[in-house]
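The primary structure of each chain is shown beneath.
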Amino acid sequence: MIFFKRTLPLIVAFTFGIVAIVLYFIPHQAAQTAFTQLVNWDRIIAAFALLIGIHSLVRMHWRKIEHKQAGWAYSAILIAALVLTLAIGLYNDGMWFWNKRESAGALPWIYDYVFKPAGATMFSVLAFFIASAAYRTFRARTVPAALLLTAAVITMLGQVPLGRLISHWFPDISLWLMMVPNAAVKRGILLGVALGVISTSLRIIFGIERAYLGGD
Amino acid sequence: MQKAPVTERLLSLDRRWIFLLVLIFALGALVIEVDLPIVASQPVQDMYDQIERLQKLEASRASIPAEQQAALRSTLLISMDYDPASKPELEPMSLGIITHALCNGVKVVGMTLNQHGQDLGERVMQRAAKACNADYGRDWAYLGFKPGGATLIINMGQDFHDAYNQDYRGTSTKSLEVTRNITSLNSFGYVVSVASSVFWEQWVIFGQARYNFVYGTGVAGVLAPDVFPFMQTGQVKGLLGGLVGAAEFESLIKRPGTATAGMRPQSAVHLLIVLLVIFGNTMYFLDRRRKRRSMRPGGGS
Amino acid sequence: MKEEVTTRRDLLLLGIMLALLVIANIVLVLMGRIATDADGFGIMIAAGITVGMYSFLYKDNPLFKAVEHLYVGVAAGYVLTITWYNIFLPDVIRPLLLPNVGESRDFVKLIPLALGIMMLMRISKRWGWISRISFAFVMGFYSGIAITNYLETIIFKHVRYSIEPLFATGSVVDQINAVVVLVGVLSVLIYFWFSVEHKGPVKVISRVGIYFLMVSFGASFGYTIMARLSLLVERLEFLMHNWLGIM
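Protein chains in written order, with the working numbering: chain Z, 13 to 228; chain Y, 979 to 1279; chain F, 69 to 315.
It cannot be assumed that every hint is accurate.
Stated by the list, open to error - In silico SDA-like pairs for lysine to any residue, Cα to Cα no more than 20 Å straight-line:
(1) Y/Lys1215 - F/Lys127
(2) Z/Lys80 - F/Lys225
(3) Z/Lys112 - F/Lys127
(4) F/Lys193 - Z/Ser68
(5) F/Lys177 - Z/Gln44
(6) F/Lys127 - Z/Arg153
(7) F/Lys127 - Y/Lys1269
(8) Z/Lys76 - F/Lys127
(9) F/Lys225 - Z/Leu203
(10) Y/Lys1269 - Z/Leu203
Stated by the list, open to error - Facing chain Y, from chain Z, some residues (calculated, C-beta under 8 Å):
(11) Arg18
(12) Leu22
(13) Ala152
(14) Leu169
(15) Ile210
(16) Arg215
If you're looking for bench data, these hints aren't it; they were derived computationally from the structure.
Keep in mind the model is a prediction, meaning the values are calculated, not measured.
Note that beta-carbon positions come from the ideal geometry of N, C-alpha and C, so glycine has one too.
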């Protein structure tokens, strides 16, 4: 049983990891067709992974309702909204789920008048908190903090037309800040991340990194 | 009870007053109409020049033999990889790019890597097609969403019709004139990702280097700083960064839209925040000086 | 007992806030600012959601919590629907069960279907170990792809373009910029090298790296506020123009 639970997954990870690397270098049509097929499988399996995420969400909120924990009424709203949206989507404006998706009906309405405004509003709230944080916590206490503030002020004014009205130096210096020091930092971080990805990938392929398999 | 000094009271101001100031500045700028100069930066100009290049290639189609036309590489692929939360910032970019391309005779294929963005992409393309009298199937097509991100990009690079065997309406991509001759990502003349998260980077890492196509991107403001290293290496040719990038593109194509209108409140609130930072720091240093003086022997408040 | 009281109070507050929104919408309909059709009803719902979420700026309240949970539920339902129509139906169900005229069934799709169902076993405590094979396939394959692509696209290209501009013929300004970029890249990489103690020359170079990082973070802040502001402006335009009809 240990073979199926632990050893077989490691063999699978190793095999398909090496296959992915080797096929990258073989230009022959048969190799590229095989690669395309594997990539296609990967995408289909990714869709099933979405279902696991939704299951976790539903289970967590269902438990709240079952045990009448604090805020269970809100969990009931969530589950009801999920079920209703899914039902409307599968009803498909009368054409049902075995046909292609219709562009009219209740689902586009839900998308336009519930999903879109909720998402946009949720993230726009951050604008207020950023302004408040800028006033209450941005302090030029040290040299690095002063550098951060100066760069922030120049970029904020350089990005908007008002900055150009005040002085043409704002957009010019702002662009230089982005193209030179900012690009250098982002490149340094990028190289560090890339090295991390490569080392983690090698550890996964060679079975040293096993956290993705879960416990036991 | 002695009142706290002015500086201390101002430094611990209830944040809801600041929220109110932001609201007043944003609303005020929406109501008061002022013309602000919008000048395109070089990254935005680069994207505009790429679409102009496609337009010139498409214009030359009639003068080249039929058997060479399939390899012309004059079609634009635009991947609208954003969701409703980023729509106000990124939709003006998509609309501007697609409208400019379609109205100048460039064929456009649209798609999305973002599961929440399918309907957004469809609406933008329909709006642009209506404005330019473009025909579906001949001038433009919309492929919709498929999951996979990086693996979808690789799939499209290996075999386009295997990755997308049908468009979002269920029509075979081999039967549509605009996608019939597309075999791989490098069949496109320019690939643009308008993205609100890591998708733009996936196009570079898993697509551009391997399948050798010209790539540009429009990203949410928060991601724009990350793109600049890729512009230096030539992996990204053309960048629209945030709403200001969209406004600059609108000024180049001479179609002012929501991005241009959004520059007024942007300018106002940016100015407010700069003033708040300066004011906050002034109060901080004044308060610090007051505290130091009061700690000196014989010092008063 | 305390939780019951809190729930009842929350429900009462929610009821009052909803009632106020309903009254406001009735007034707007009577004034002719909102149509009495599906779109008009949609605008009322969207306005209620927007106002509900912004009410959090004053204080956390039941209307905000209700709207927040509604959003998450709708988003989850929408994602499920899209996943069915965009991947399961065309890429799995149709090729296996309902092939196009002239095409045969594609039985190769049984393999990813099986791997996908195995992945769903993660839900079960007893059979969860079966999902490891699917995860191993996805992780192993993606790791293999990542190594080659990251090496080619990031490591080789970006190291080259950090050094090459130093030897290019360009203006004095270009040369200075190239030096600044190289110094920035190296100092940031050394700053994040925590395996070595930051003292002596390493400390000095790390300090330079910190200065570069601060400049970059400041520039990023400027862009972040722009991103959030554009969302706020769009919501304000919706409330003023589409809902209240005063702009």
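Status of each hint after checking the structure:
For the proposed pair lysine 1215 of chain Y and lysine 127 of chain F, the alpha carbon gap of about 46 Å is over 20 Å, so the pair is violated. Restraint check: the Cα-Cα separation between lysine 80 of chain Z and lysine 225 of chain F comes to about 57 Å, which exceeds 20 Å; the hinted pair is violated. The hinted pair formed by lysine 112 of chain Z and lysine 127 of chain F fails the criterion: a straight-line CA distance of about 44 Å is larger than 20 Å. For the hint pairing lysine 193 of chain F with serine 68 of chain Z, the CA-to-CA distance comes to about 13 Å; that is within 20 Å, so the pair holds.
Using a Cα cut-off of 20 Å, the hinted pair lysine 177 of chain F and glutamine 44 of chain Z holds, with the two alpha carbons roughly 18 Å apart. Distance restraint check for lysine 127 of chain F and arginine 153 of chain Z: the Cα-Cα separation of roughly 31 Å exceeds the 20 Å cut-off, and the hinted pair is therefore not satisfied. Taking the CA atoms of lysine 127 of chain F and lysine 1269 of chain Y, the gap is near 33 Å; set against the 20 Å cutoff, the hint is violated. Taken as a hint, the lysine 76 of chain Z and lysine 127 of chain F pair is broken in the structure, with Cα atoms around 24 Å apart against an allowance of 20 Å.
Distance restraint check for lysine 225 of chain F and leucine 203 of chain Z: the Cα-Cα separation of roughly 10 Å lies within the 20 Å cut-off, and the hinted pair is therefore satisfied. Between lysine 1269 of chain Y and leucine 203 of chain Z, the direct Cα distance comes to roughly 46 Å. Violation of the 20 Å bound is thereby established for this hinted pair. The closest approach between the C-beta of arginine 18 of chain Z and any C-beta of chain Y is roughly 26 Å, which is over the 8 Å cut-off, so the hint fails. Evaluation of the leucine 22 of chain Z hint against chain Y yields a violated restraint, the C-beta minimum of about 22 Å exceeding 8 Å.
A hinted interface residue such as alanine 152 of chain Z counts as satisfied when its beta carbon comes closer than 8 Å to some beta carbon of chain Y; here the least separation is about 6 Å, so the hint holds. Interface hint status for leucine 169 of chain Z: upheld, as the beta-carbon distance to the closest one in chain Y is roughly 6 Å, under 8 Å. Interface hint at isoleucine 210 of chain Z: violated, since its Cβ lies 12 Å from the closest Cβ of chain Y, which is beyond the 8 Å cut-off. With a least beta-carbon distance of about 19 Å to chain Y, the hint placing arginine 215 of chain Z at the interface is violated under the 8 Å criterion.
Checked against the numbered hints listed earlier, the structure breaks hints 1, 2, 3, 6, 7, 8, 10, 11, 12, 15, 16; every other hint is satisfied.
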